[in-house]
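Novice: Listed below are the residues making up each chain.
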Amino acid sequence: MKWLGIGLCAVAFAAPLMGAAEPVKIPGGLFDTPVLLDSDTPSIAVETFWLDATPVTNHQFLTFVQAQPDWQRGNIAALFHDGSYLSHWPADTVITEQQHDAPVTYVSWFAARAYCEAQGGRLPTLNEWEYASVLYRQQQGLTDEDYARQLFAWYSNPGASQQQPVAADAQQLAHMHGRINEWVEDFQLLIQSGDEVDVLSGSCGDSARFLAKFNQANYATFFRYQSRSDYAAQNTTSTLGFRCAYDQRNEP
Amino acid sequence: MKTLIWAAAASLSLLAPAMAQDHSHHQHHSQPPQAAEPMAEHSVYQLQGQWTTQLGQSLALRDLQGQPAIVTLFYGSCTTACPVLVNDVKRLYQLLDPQLQQQVRLVMVSLDSERDTPEVMRAYTENYGLDNDRWLFLHGNDADIRGLATVLGVRYRKRDDGNFDHSNLVTVLDREGRVSFRVEGLAQPMEKAAAHLNAL
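Here the protein sequences line up with chains L and S, keeping their order. Anchor point for the first sequence: position 216 equals 216 in my numbering, and the numbering is continuous, going up by one each time. Take any residue in the second sequence, note its place counting from 1, add 1000, and you have its number in my numbering.
Please keep in mind that the hints were generated in silico from the structure rather than gathered at the bench. Nothing false has been slipped in among the hints.
Now the stretches of chain S that chain L is said to cover, found in silico as 3 or more residues with beta-carbon under 8 angstroms:
id	region
1	1042-1053
2	1146-1155
3	1160-1166
Sample of chain S residues with no beta-carbon within 12 angstroms of chain L, all distances over it, derived:
id	residue
4	L1096
5	L1100
6	E1119
7	T1125
8	R1134
Where a beta carbon is used, it is the ideal one built from N, C-alpha and C, also for glycine.
Next up, chain L with everything else stripped away, as it sits in the complex:
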């Protein structure tokens, strides 16, 4: 893995609010993409943006649906979910104590977007999220091997950890891997060659074709690209949540 060309000291942190981690600044830079969607574009310029330090929690999402009843379980349009939206909540606007600070799951891409829009943000793009993931690995001091091991451990039992509370006072990125998979704005992959379109839906040769360099870490990352891409925007599952991105925040 190639480190990002930025030091950890360049990361500015906002003061945390009570009960919810503030977004953190992700300084722009060049992202050496581990998965080559354009064979002639090995690195992508990412602009500075802000990203929620933690995934959005059930409690945060509850506050949102209380303010916007159209997004409550009993009101959401069929177009925007698959029938299981927020099905783990005891009632439309009720969560359990255990769910309070755990990442919200059973949310569709549409609902995630609506939540972020209500916060003055948006879903991160795939490249932004993956760029932040590389930064997170640096901050956590994760070796490629440890990262791959953690990710594959999660894939083998993804339901085991998503109900644990997030670090509400996190002052840097937290829980990027190992809790939930996260929606991004452009989660569906596409490779086009002339009139032929390839959606990378899981052929065995895909990993070899698209990895910038074949190693465990890139293979684990590619697995994430692919599993995310196989979702439909209406899907709601026990392992899929999100966090929001912002173009601008007030500097602390």
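Once you've looked at the hints, dock chain S against the given chain L.
Specialist: Chain S alone, transformed into the frame defined by chain L:
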């Protein structure tokens, strides 16, 4: 869902006079206004967002409610697949019953919010000799384009050179805005889609 439906219906009633002015030939004055109809649960027209036509007119997707529409995502500077997509829509249109030809909207939505301004889209329709009363070329913001594309099942990605990789899809929406037929791929036979539309 009721709140959203009626909020949309209320907005439509506010917009209805503007639409009657812009597309008066599409309106059926003898029928009650579409605003009285609640929006179908699977209607694509529930998507929020403001679009601008090639004539510079503002449009919300719910304004299209009431007549079938053929919706295709493309971009103007695309010289390979996109002219074929426009031609595919034209071929489908030509197979429709004359009465339906008077009603159906041919909606081309640009993936390229940066370059495909309404002015560029207008020049596009003129270059290709497309009737501005029949064709709607829509310019929107990136988030609304992504929302519509995702609902329809169109995948796309902006490349570093400003061009787009995209799947090729012609979608038929019924009068309520529900996806009712899809033609995937370029230069496909259009007979089935036409039969479906004629039977709507």
